[in-house]
Structures are given as C-alpha cells and as structure tokens.
Amino acid sequence: MKKKLLSILLATAMVATMAGCGDKTPADSSSASSSVADTQATAPAEPYNLETLTMVVNGTLTASVENRQDAFEEQWEAAVSEKIGHKIDLVIQQQDHSGYVDAVGRIFAGGDLPDVILMSADMYAQYAPTGILWDMTEAYENAEFQSRIELKSVNEAMKIDGKLYGFAPATGNGCVTWVKKSWMDAVGVKAEDITNWDAYYDMLTKFTTEDPDGNGKNDTYGVAAAGFVGFEAPYINYLPEFWQDAYPAFVQDDNGVWYDGFNTDATKQALLRLQKAYNDGVIDPESLTMGTKDVRTKYWSADQAGSFGAFTYWAGKWEQTVYDNFETNGVNTELVTLAPLAEVGAYLNREAPVWCIIDDGDGDNSREQAVFDAFIETMLDGDTVQMLWTYGAEGVHWSTAAETVTLKGKDGKEDTVKEYTEGQFHLLPSPNDPTTAWKSNAIDPSLVIAPLTNGISSVTDIAAKGNIFFSEHSVQAPKSASSETLTNEGGTLNDLKTEVITEVVTKNGDVDQWMSYYDEQSKSLVETILAELNQ
Amino acid sequence: MSKKKAAGTAKVHKKPLGIRIWNNRGFYVMLLPVLVFLIIMHYWPMLGIRYAFYDYKPVGEPVFVGMKHFNKLFSAPPFWTAFWNTLELSIIKLVITTVASVVVSILLNEMGNLLAKKILQTVIYLPHFMSWVVTASIFSLFLSPSATGMVNGMLRDWGILTDDMKNIYFLGDSHWWRPVYYVINIWKETGWGTIVSLATLSGINPELYEAADIDGATRFQKMRYVTLPALANTIITVLILNLAKVMNLFESVFVLYNDAVRDVSDVVATYIYRQTFMVALPNYGYSTAVGLFRSLVGCILVLVCNWLSKKVRGRGIV
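Chains as they are written, first to last, in my numbering: chain A, 18 to 552; chain B, 9 to 326.
These aren't lab readings, by the way, just hints derived from the structure by calculation. Quick caveat: nothing in here was measured; it's all calculated off a predicted structure. Don't be surprised by glycine CBs; every beta carbon is placed ideally from N, CA and C. Some hints here could point you the wrong way.
Claimed, not checked - Okay, derived cross-link-like pairs now, BS3-like style, lysine-lysine, Cα gap no bigger than 30 Å in a straight line: (1) A/Lys496 / B/Lys253; (2) A/Lys524 / B/Lys80; (3) A/Lys100 / A/Lys169; (4) B/Lys80 / A/Lys514; (5) A/Lys207 / B/Lys174; (6) B/Lys174 / A/Lys524; (7) B/Lys174 / A/Lys234; (8) A/Lys285 / B/Lys174.
Said to hold, decoys possible - Chain B regions said to be covered by chain A (calculated; three or more residues, Cβ under 8 Å): (9) 105-112; (10) 149-156; (11) 260-269; (12) 272-285.
Only chain A is shown next, with the shape it has when bound in the complex (with noise of 0.2 Å):
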C-alpha cells in the first residue's frame, strides 16, 4: 500500500509539474522582453531612465574579479552616471573565456537576457538573424565619437544587409608569424631568405634536425600551434604558412557567390603540406591536443628542448609579452617577424568581436537607445570611460600620482622599483600577480579605432612597431557565413572536416579519398548552405 501511495504521489507530483511548465514555452527569451515590452508600451514617449545596466563579456575584460573588477565598475559607474545624468548600476557578468559560446547560449536559454554582451564574429553572424540584437546603425552613425573614429571600415565591414547590430571598438588584429633569431643564427637562415615555402620549410626542417638550441640534441621542432585548424574564424590563422589560400569553410569568391572552401584543392594542397610536416616531425605532434596557452608556455619555456622556432600569433601587444616571459625564463633571443611568404600573401585581419544590445523587441527603441549612450557611446568618449576600458581603474591598475612603483622579484630575482613623478601615466602591478605590471584592459590601446584624447599611451615601441607590421601585411578576413542549415548543421559538419584533417595529416590518409568521403558526406547539407547563402 505504502508502494501504491508513494506511486501516486509521485505520478501527481509530475502530473503538476509538468501541467506548471505546459503553459509557458521554453527558453522563452522574449518572455523577459515582453514584460519589459509592456511596461515599455505605457510609456514610450518619456526617455528611457537606464538605472542597472548588465553586460556579459568573456575574459577579454582582463579587470577580473581577481584583478580589482570592483574598483573598474565603481569607477565606470560614478564616471557614467555623471556622463548621463542619472545614477546607473553596472552589473558585469563575465563567463568562463574557453566555455564563453556555451555559455552565452545557456544565457539566452534561461531567458534572463543581459543589456549588453560582448560576441565573436562567429556568434554575431549567428545571432543577427535571428533578431535578438538591436539593429543600432542609426545611434551608431550619429554617435559623438564619430569625429574621432580613425578606423571607420572596422564597423563598416560588420554590417550585415547593411545593418550593424554589434559595435567594435578595436581592429579584430590578426597573427603574424615570429621565429626565434638565435635559433635562426645557429642553424644558418637569415630572415629575409625566408620568402616563399620551400625557404620557410627548410628553417623548420633545419630547426627539428640541426639542434637548434644547443643541447646536443635533436628535440626541438620546426612548428607548433593549437590545432592543425581553428575552431573561430578565421580558421586558419595560426598556421596560414601551411593553408596559404585555402580557408577552410564557406567563404565568397570576387563575385561574391559562396562556395565550400573546404572543397577545394587548395585545401587538398594545404593538408598535403600538414600531412608532409607531420611526417618529417617537423610540427610537434602535440598541436593536436595543446590549447593556445600549452603553445605559449613551450615557445617561451626555460628548458627550450621540446620547443619550437616558428610561432604565428597575435600581433603587437602578444609580442611584448613574449619578449618579457623570454626575459622572465632566461630565454635568450630576439624575434625576427617573418613577413608573409609570397604563397600566403598576407596575413588575415579578423572580424572584430563585437559588443551588441539585446533588442527587447517591443518596437521602442528608448531603451536600446538608453544602453546606447551608457554602454557604447561612453566607451569611446577619449577620456575618463575610455581610459577605464583601456586600462581599467585608476589607483589601482594605472596611475599619474607621483609614486614609488614596486615589482616583487620573480623566483627569488631582486625586485624593480621605479619612480614616476605627479602626471606622468604608469602602470600599476597587476593585483593578482605583483610580479608584472598591469597591461591593458578589455579594449588594446593600439587596436582602438578612436584614441584617447588626453594623449596617454602605454603602447611599448616593439608593440606598436608590431601592430604598424601587421597592418601594412594584411587583409580583412573573409565575412563569417551564416544560414539557418549552417546553424543547424554547423556541429555535424565540423566533425567531419575534423575527421578528414586527423585522418590525413595524423594517419597519412590518401588526400583525394578522404576529400571524396568529405564531398559525399556533406553533399546534401553543403548544397543546402550554398543555396541559402546564395538566395
């Protein structure tokens, strides 16, 4: 009896819970907006009074809970409430940087939808269409940093139908390729040989063969990277010695039709190239399983054996911070910056990450407009907000107090203390780390397509000597695809792609047979995407 009863209770116990939840549709996201939407409806006419403003970013914000985050939304909050003139409430929601897609999507599910969130180039060609975000053109061409803007097609090349529903306020950037001059020297290349693949795959031939680093031993390699592929556009960007012209997913052509680029020969050519240097040991076979930061830690690690001479990564900011952790480990070398091979032709400048306003979608733009001139129209304002962005909290990440600025000695190294006199801009130690100087936060002062107007830089020379390389050796990375197939299948197809990659690089797979399986396997589904994309 007691059975029947705990059975009873239990199927009622369902049987409510699941009549509770029939009623209301899941992962509603517009049953938040349409609350909003009707307390909006009452009062259109009046302008709207943003009081919290929540925004979702990933780790780019490198103001940190660990790193002071309190001290930067103190200051943005009293900056900006005086800025709009109102008090306004910043809550910052920052996710997991590896899991950051994931959890954006969870976010969107749960319908508890941010006012602001920062997307990759990926997401937003995903997430435009489906009307979520604010188209913002107009608030965006009659912004007050207009004036200021330098870098005007950073924005311009986001518009979607000639719409923009995400603001960048940096250049994407892109990578470029360093290698190790000592390694270079010891093993008899000189940069400026290094112009075309044949003179690049012979340095890393001589650095995997010729013990480059002196130890006796022939344990370094040629080349790493994280992954043969990349999983976020533009895929192929830290190794696009290898890819050269071939881009690995759906991408125009001059007339502007797409087409699969992983179809094509030059991609067969590119995995031939992958499966030779795969073969020869000349890329270290750990690339298929390091993530960026395993690749970072071996290039610049004070035990070189294992390492590699050819590193591709983000250019100007990232190749200060090598030359410090080459300082910090002992490393002693220079970077030679190879200029792209004649087969690459330039490297590729990626569509910037972009910060949108959720669109409540109750057809008033008051609010939108309000989170508009809180979140993006400050944010470039050349001064205070911009500087906080930059980087971050004054007194606690930056400073122009006359000062004695202490670094702590890394492993029992002797400490670096400087002086700085009253208004001249330094950088503090980092809060979590007092061994190194705090950089920069979510916006790189060299990337930013407005600057400070109050004429404070931190850009290092090989920083900004990097950056001025990059933009004079690269081109704007082919325009991220997005159809309703595309999205649906994206998972499935990149599986396979995955799978044609392993099998012929890792396995010495025949090329023209697994391109074949590619073409039958994703026959239906790519002539789907085209046909969408083409419409």
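Following the hints, put chain B in place on chain A, whose structure we already have.
Chain B in isolation, oriented as in the chain A frame:
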C-alpha cells in the same frame, strides 16, 4: 454461530487511509524531504525530455519538429561510432578493472605483514581521489611525444626506440589510445575496487583454509579452490551493478581524447558535448534527442542487469 463465522472469516479491516497516514505521520514527515528532493532533482529535469521533439535554440520559440532529430541521429555515422565506442570502452574497462581489483585483493589478502598491507592499500586507494583532469594532465606529461615525455625517454634509453624511430604519441594514435586508456583506468580505479573484494575475503570462514591445509592444498590451490569461489558471487554482483552504468562514460574520455583518436575514443556524451557546446548557436533539441536515446539504452541495460541479478543472486538490483 456468529462466533464461528467470525473465526472462519478472520478478515483484517484496515483503517481508512487518512487515519493510517495520521498514525504514521512521523514516517511521512521523514519521507517528505526525500520526496521533494526526488521531484526537484530527478523528475523536474525529466520534463526537458520533450525538447527532443523540438528545434530548441537559445533564441526564439521552440518549434515542434516531431522525430526530425531522431532521424538525423540514426543516419549520422559519427553517432553510431560514438555509440559502439561507448559500449566497447565501458564494458572492456569494467571487465579489466574488475579482474585487476580481484587479483590485487587476493594478493593483498595473502600478505602477511599487516603494516605493509595497510600502507599498500592506502597507496593504491589514493588515485581514486584524484580528479580526472589532474590524472589526464599527469599522464599527458608522462606520455608526451616531445623531448620531455618520460615514457618515450625511457623507451629511448632502453633502446626500444632507436634513433631512426619517432617518439610514440600514445594519446594521439588510434592504435595506442585504448590500451593507454585502460591502463590509466586500472591505475586509477583498481585500488578502490579492491574494497568490496577485500571485505568478502575477510568474511571467508578460516575453517575452509584449515580443511584445505589438512588436505595438503598448496597456497595456489587454496586461492584457486577456496578464495576464488568465495569471491565469485561478489565479482558477478559488482559486474552486474556496474553494467547498468556503461552509458554514463564521459569525464575520463573527455579529458584524454582528441581529434586524431576520435574514431576509437568518441563516446555518446562527448558527441553530445561537441554538438552542443562547440557551435555558435546550438540546437539543444538535437542534444536532448541524443541524450534521450542514451538514457533509453541505459534503462534497457538496467532492466537486463536486474534480470541477470535475479538469476545470479536471487534478488534484483532495484
């Protein structure tokens, strides 16, 4: 007559349900938290099953699509690869770790030095408490194909790998991945698995060993004819109980697999992970359909195990 009738039809008249509940109210109050927990943690989430029949994306209303996701699922070769990999990896891992646990238990049981036995037991239990992430990091370092990889270094020092041979990428080669995976599982879980077997061994009647001694049995014969038969029921029970969980394989594979070995390592849970978390705008409907199918298979396995358990032990597992 009436007394006779009363005696002949001795019928127990139950009190009304409400009174019985009131009389046992203490028990029902104690039951309540469990019931609430069960509903919230187990039954409430089950409502999500319906998304298997919807196109359910982070943005917009869910759209009913019927069996669309199941049609896609059953026609997707990567899913079937993952499905069979799940069964193979789980079952082989289960058998190997169970056998290893039994062997180690018997060896531990034979140890005379109590202190050494306790120290050894503690040492082999420890890996169980290490997270899979840490375990994977340690083994990735040991098995690295680079110059810093300890195992490759040893193979080279011993002359097994000659100068003209490349280092072995144990975790990046389909031929090596599964053996390595099993070895790591043995290292991590054997110690913990010995607990049940050792408990059983300590319950074996010493008279059986004395009788065997009188019969002139050797140590090996005592193990073969006394210890192992005594353990048999426990071994079968452990196997059956764990068989019901074979579809739950995820963490250990997720932290050790990579693109190059996906053909031998991808399991249903990692397949779901990729389909859900590695695309810009996931369709949770498809992931739910895969998850539902996995749960159904798991459910069937539980029923099979229950049936097997009844056959072997005389009672079910539920």
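Each hint tested on the structure:
{"no.": "1", "hint": "A/Lys496 / B/Lys253", "in the structure": "violated (45 Å)"}
{"no.": "2", "hint": "A/Lys524 / B/Lys80", "in the structure": "holds (28 Å)"}
{"no.": "3", "hint": "A/Lys100 / A/Lys169", "in the structure": "holds (25 Å)"}
{"no.": "4", "hint": "B/Lys80 / A/Lys514", "in the structure": "holds (18 Å)"}
{"no.": "5", "hint": "A/Lys207 / B/Lys174", "in the structure": "holds (29 Å)"}
{"no.": "6", "hint": "B/Lys174 / A/Lys524", "in the structure": "holds (14 Å)"}
{"no.": "7", "hint": "B/Lys174 / A/Lys234", "in the structure": "holds (14 Å)"}
{"no.": "8", "hint": "A/Lys285 / B/Lys174", "in the structure": "holds (25 Å)"}
{"no.": "9", "hint": "105-112", "in the structure": "violated (count 0)"}
{"no.": "10", "hint": "149-156", "in the structure": "holds (count 5)"}
{"no.": "11", "hint": "260-269", "in the structure": "holds (count 3)"}
{"no.": "12", "hint": "272-285", "in the structure": "holds (count 4)"}
Of the hints listed earlier, those the structure fails to meet are numbers 1 and 9, in rising order.
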